[in-house]
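Engineer: Sequence:
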Amino acid sequence: DTVPMTTLARRHAPVVIGTVSGVSPSTRLSARIVEIGRQGRRTYAERSRTIAMTQGPMEAELAQFSVNAAADAMFTISPDGRMLNANRAACERLEYSQEELIGMQVADIDPLYPQEMWPAHFDELRRNGKMSLETQHRSKSGRIYDVAVSVAYFEFNGNEYCCSSARDITGQKETENLLRVQRLVLSRIASTIGDLNETLTELCRLVEELVPHAMATIMLVDKSDGALRFAAGPALTPTICKAFGPMIPSE
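Straight run, no breaks: the sequence shown in this note's numbering ends on number 1017.
Bear in mind the hints are in silico, worked out from the structure with no lab data behind them.
Ideal placement from N, C-alpha and C gives every residue a C-beta, glycine not left out.
Among the hints, erroneous ones may be present.
Below are the BS3-like pairs computed for lysine-lysine, each with C-alpha atoms no more than 30 Å apart in a straight line [to be verified]:
(1) Lys906 <-> Lys939
(2) Lys1008 <-> Lys989
(3) Lys906 <-> Lys896
(4) Lys939 <-> Lys896
FRET-style restraints, in silico, Cβ to Cβ [to be verified]:
(5) Asn925 <-> Ala836: 18 to 28 Å
(6) Glu865 <-> Asn943: 31 to 41 Å
(7) Gln881 <-> Arg971: 36 to 46 Å
(8) Glu890 <-> Asn925: 37 to 47 Å
(9) Thr1003 <-> Glu861: 43 to 53 Å
(10) Phe922 <-> Pro877: 27 to 37 Å
(11) Thr936 <-> Gln864: 17 to 27 Å
(12) Ser953 <-> Ala873: 34 to 44 Å
(13) Glu975 <-> Thr1003: 15 to 25 Å
Kindly generate the complete structure, drawing on both the sequences and the hints.
Structural biologist: Put into structure tokens, the structure is as follows:
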């Protein structure tokens, strides 16, 4: 006597019968075991096996390729501030190889974040989940440049990490500073309009404010003889000012 296959199909739900070496955890393995004998004899008259693989190694390789192709410097950082990974842009801008960067501290590349500040910084990141800030990076050759940094906190396999991306904003900062100086110059000129000597003096003072330890002077060309004549220099003593006699540039 046999039991109709349609009846058996309704009786038996899919069961997991084992694991497959090398198959990702998302693999689904199902089998339906069909009984066809009264003596309890079993045969695999029908077996349905479905293996759904997510291509884990390929996805990991694609993710790493995408990170390396990014224009911004990207890092994976541990809770104690050690760099665990860095992409190609980070290596190029900081002038280190990836092998050199891995294991270095954030303080080694960021002069504004000494090591003693990192625990508090990571605690704040843990609470907020993500942060954005402007800081500076220092390359292997000592070049310091401005960066805009975005940091995100995450956990993986029970461990804490943060992912950081840094964009070089040196050009943006230079443009902002130039515009700021232009506004200051126009403001000083407007405040002394009608008095040339005072205008030139204010421009010298502005330069000295913007450039540490500078002593600014302005000399004007006399159209009558082509000589350079002293016009302003508020930081200079009267004796030095008098020493600036007419200067006639050589041909």
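Engineer: Which hints from the list above does the structure break, by number from lowest to highest?
Structural biologist: Violated: hint 8 alone.
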